[in-house]
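With the sequences and hints as input, model every part of the structure.
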Amino acid sequence: MLGRPFSELVHRLRAVVRRDAVERELDAELRFHLEREADKLMRAGVPRADAERRARIALGGVERIKDDDRDARGVAFLDAVRQDLRYAVRTLRLTPGFTLAVIVTLGLGIGATAGIFSVIDRLMFQSPAMMHDPGSVSRAYESFELRGRPVVNGYFEYRRYLDLTRWTSSFSQTAAYADARLAVGVGQDATEMLVSRASASVFSFFDARPALGRFYTPDEDRPPQGSLVAVLSYPYWQSRYGGRSDVLGSRIAIGEGRYTIIGVAPQGFTGMEAGATASTFGGLALIGTQGNAAGDASPVAWIPVTAYAGLRSRTFADNYDWGWLNIVVRRKPGVSPARATADLTTAYRRSWEAERAMEPSLAPLDVSRPRILLAPTPLGRAPNAGVEGRVPFWVGAVALITLIVAAANVAGLMLARAFRRRREIALRLALGVGRMRLANQLLTEGLLLAVAGGLTGLGIGWAVASAFAGLFGASVPLGGGLVGPRTIVFCAAVTLLVGLATGLAPVLFATRGDLAAALKAGAREGTFQRSRARAALVILQGALSTALLVGAGLFVRSFANVRALPLGYDVDHTVVVELNLRGLQLSNAEQKTLMQRLTDRAASMPGVRGATQMVSIPFASFEGTGLSVPGIDSVQRLGPFQLQIVSPGYFRAVGTRVLAGRPIDSTDRYGAPLSIVVSAEMARRLWPGQNALGKCVKVGGSPTTPCSTVVGVAENTITRGISHEAEANYYLAADQMDRPAFGLYVRVVGRGADFVEPVRRQLQALMPGVAYVRVMPFSDMVDGAEQSWQIGATMFSALGILALVLAAIGIYSVIAYNVAQRTHEIGVRIALGARAANLTGLVLRDGLRLGVIGMGIGIVLALVAGRWLSPLLFDVSPRDPAVVFGVAGVLVGVTCLASAIPALRAARVDPNVALRAD
Amino acid sequence: MPTSQADLLPGTLDLLILKALSLQPQHGWAISERLRQVSRAMLDVPQGSLYPALHRLERRGWIKASWGPSDNNRHAKFYELTRAGRKQLGAEVDAWQKLTTAVSLVLEMQ
Chain A
0 MLGRPFSELV HRLRAVVRRD AVERELDAEL RFHLEREADK LMRAGVPRAD
50 AERRARIALG GVERIKDDDR DARGVAFLDA VRQDLRYAVR TLRLTPGFTL
100 AVIVTLGLGI GATAGIFSVI DRLMFQSPAM MHDPGSVSRA YESFELRGRP
150 VVNGYFEYRR YLDLTRWTSS FSQTAAYADA RLAVGVGQDA TEMLVSRASA
200 SVFSFFDARP ALGRFYTPDE DRPPQGSLVA VLSYPYWQSR YGGRSDVLGS
250 RIAIGEGRYT IIGVAPQGFT GMEAGATAST FGGLALIGTQ GNAAGDASPV
300 AWIPVTAYAG LRSRTFADNY DWGWLNIVVR RKPGVSPARA TADLTTAYRR
350 SWEAERAMEP SLAPLDVSRP RILLAPTPLG RAPNAGVEGR VPFWVGAVAL
400 ITLIVAAANV AGLMLARAFR RRREIALRLA LGVGRMRLAN QLLTEGLLLA
450 VAGGLTGLGI GWAVASAFAG LFGASVPLGG GLVGPRTIVF CAAVTLLVGL
500 ATGLAPVLFA TRGDLAAALK AGAREGTFQR SRARAALVIL QGALSTALLV
550 GAGLFVRSFA NVRALPLGYD VDHTVVVELN LRGLQLSNAE QKTLMQRLTD
600 RAASMPGVRG ATQMVSIPFA SFEGTGLSVP GIDSVQRLGP FQLQIVSPGY
650 FRAVGTRVLA GRPIDSTDRY GAPLSIVVSA EMARRLWPGQ NALGKCVKVG
700 GSPTTPCSTV VGVAENTITR GISHEAEANY YLAADQMDRP AFGLYVRVVG
750 RGADFVEPVR RQLQALMPGV AYVRVMPFSD MVDGAEQSWQ IGATMFSALG
800 ILALVLAAIG IYSVIAYNVA QRTHEIGVRI ALGARAANLT GLVLRDGLRL
850 GVIGMGIGIV LALVAGRWLS PLLFDVSPRD PAVVFGVAGV LVGVTCLASA
900 IPALRAARVD PNVALRAD
Chain B
0 MPTSQADLLP GTLDLLILKA LSLQPQHGWA ISERLRQVSR AMLDVPQGSL
50 YPALHRLERR GWIKASWGPS DNNRHAKFYE LTRAGRKQLG AEVDAWQKLT
100 TAVSLVLEMQ
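Residue numbers (numbering that gives the first Met the number 0), protein chains in the order written: chain A, 0 to 917; chain B, 0 to 109.
Read the hints as simulated data drawn from the structure, not as lab findings.
Warning: the hint list may mix true and false statements.
To be verified - Using C-beta positions, here's what the derived DEER-type ranges look like:
| id | chain 1 | residue 1 | chain 2 | residue 2 | range |
| --- | --- | --- | --- | --- | --- |
| 1 | A | A492 | B | R35 | 37 to 43 Å |
| 2 | B | Q96 | A | K39 | 32 to 38 Å |
| 3 | B | G89 | A | V9 | 48 to 54 Å |
| 4 | B | Q96 | A | R30 | 36 to 42 Å |
| 5 | B | E79 | A | Q266 | 56 to 62 Å |
| 6 | B | S21 | A | V88 | 31 to 37 Å |
| 7 | A | V9 | B | S103 | 37 to 43 Å |
The beta carbon of each residue, even a glycine, is placed where N, CA and C say it ideally should be.
Right, dumping it as structure tokens:
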């Protein structure tokens, strides 16, 4: 039963692979037959020559038998393909200019698309390396309502993680982790590197065996203090420890603790964030997860969550104060995501109630409606990815449009070429080449060009992806190895599509039409055929580039608007200093003295306007201190309110203006009446229409807390992403809260970035022991907000300009071609007395007509599609007239330019030459 | 010269070849000669279609080929029936007999 198809396959394969041998065999067999037949006839008395002739007649046409046999073997197709390829290569080599133009154009179009796709792939589809069964793993996000609007957040408290693990039954595994940059190493070697604080259960999510030693166990990861053990990453082990096996048992300083190395992760293991091994591209390092400065994309070590947390606070697992962990869960087999989500939500609500028991000012369940959302592991699929998450798709769409423009260009070029070859094609058709065969051959040419373009595109795509990764920066983590297998497949698919589309154009053109007319065709025709197809292509290009440019213009305006927003603080002239004591124990008095010395030293440096101590992490504290205001029953409902604990001089150092009253200053000492400064937005929310100065706010939530009096109202600040809703902040005096400072704000004259190194050197000299200071411009900490608009503007503009250039080239080539075709006619016109201006006008009108029609269609397209673009814009209508008219003007200008060269050439035609030429 | 020749029904060429080979392995020319002789020249197998048919049968695994010396010491491609081929021959003979019986029955009807 099975024998027959198998035998067929073997024989067919042989026919393909050893086709020469097979052909020779057939030839020998037929010759033998002829010999025997001739012999038979000769023995019957027929003379030799006759006998051979009759034998041949009896057999029938030898070539036909061979052909039939070949057909039966099914190799005819392959033969044709081989021939077509050879012919295509030969023909293309004859016109290197055309070939190069096509390959470069296609390369640019395919490359842009492939590059964007690889970024999207990494963001949205790639699971962490070596993860077992990624389909059953999800990330958890909490969602609750605040003032009627849902808030989504991916960071959880440790106790919450315990609650969710204990009180659900749908999961075979849960894990919590947080990657951050911590100081690794001691003394001179101390550098900030990405370290993953991960629960022991993290390792069980992966099919990974340690390369050396072992992973830590849940026993070593219990609150209140986990074991101080660490697992190194493979690259770090290789680079820092030379891959030596005696690294086990030695200690490594991470943050404030000393950890014993117990194992090394296998090669390729990067933990819970997707990505191949870390790498840098041309100096542009790819960015880590927590909005910190550039660094490696995968952790150098894993330490138990409870080990790190226990060092920072003995009570971290007892309360819900500190939300810093990502939670990842694996559903049990057979559990649907819906059921898992419901299970988690129930557990979360129970946990919320437990938190309320400790913190009565927390909003009740019916108000906040807390629930859990599950999303796939790639970070781009987070429910709160928001606008940033959508930008890659928009850029992808734009890249696709550019690709279409490029393909249209190529199709036009190929059409022109087919037109030029129409005599040759007509001849071949007349000689009997089948239409199908001819079509195949033209298609092969198109595909060959497309493949060459595709390979070029792959290289360009790699460059594009690197550039994009560099731009994207802090919002999204990207690993190395940007061109993965999926991107290559995508590239191949796109190449095939484009090859078919552009190859078909000349095919459709060439195999229709009147053979006789084509054979007789020559330049000496009375009129010439305007190629409608080419005109249509150029109009398409014009329309698409117009639409793209309108999009680009809108984005650029949005970006300009965003930049013009008053941030409420001054990033350019401030430098931030962070102390890192590295576990050095200082008494309160010693710490205060150190801070004072640092502040004084900084303030005395040339170019420094002032220095003030930093007590809160800038713009990053929701410290959960309940607020209550007499006369308002639930302040929480009006929140969230961001707290900044500040020293005197803060407002001047950071550049936040005080609109009424006074800033926190040195009168707000410990023991003096409690003061608070609120932002204008907070004042508006709590006491609408009233003067906030003098009002009472109880910080601490209970009714017996003494009042903090509002002494000043500060301007609003934007720290959490651009939106139309202002943020509400309040400021408390560091002295009155008895909180130690851990850094400085230094206000300088000139650019903050210029002062980073001098400040660091001056202050590092004052630091005791292993402690060190980290200095960075303020802008480094808060730059993220504008980014998505910047990216949108850049990408849209770059691709829009590319599309415009391609369209311009398209217009130019069509007009130039038309002029070349009409040389004879132009010669006649000149001979009859036409002036240069008339001719130039003639050609320009030709070009303008194409350009204006394209532009018109493009603008209509842009206006229609604008609806979808508007959520991505800021304070710009998608029908902004300035942008639309501006783009229209640009396109008309470019069209004129593109037509100008052929127009000038038309004017300089020598009628003698033109009239005599054929 | 044969005056009247029967046209081969499509598919019967395979049957004839298989039968010819069931007696002994032969090369292509010998098969063609044999068929002519045995059918008393009423069957003139068009020699041109013989070889594609032989190769087709070879692909299907019903006959297998090997090169060897012929009776006049020249190199020739010999075909012989495989076991699967023998089974196929039996099946085709059955089918043929059924067909002819059926046709005869129809022709005898009044």
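Do the hints match the structure? See the list:
1. A:A492 to B:R35: 37 to 43 Å: Taking Cβ atoms as reference, A492 of chain A and R35 of chain B lie about 58 Å apart, which means the hint is violated.
2. B:Q96 to A:K39: 32 to 38 Å: holds (33 Å)
3. B:G89 to A:V9: 48 to 54 Å: violated (24 Å)
4. B:Q96 to A:R30: 36 to 42 Å: At roughly 38 Å between Cβ atoms, R30 of chain A and Q96 of chain B fall inside 36 to 42 Å, so the hint holds.
5. B:E79 to A:Q266: 56 to 62 Å: holds (58 Å)
6. B:S21 to A:V88: 31 to 37 Å: The hint (31 to 37 Å, Cβ to Cβ) is violated, given that S21 of chain B and V88 of chain A are roughly 51 Å apart.
7. A:V9 to B:S103: 37 to 43 Å: Once the Cβ atoms are compared, 41 Å apart, the range 37 to 43 Å for S103 of chain B and V9 of chain A holds.
When each numbered hint is compared with the structure, violations occur for hints 1, 3, 6.
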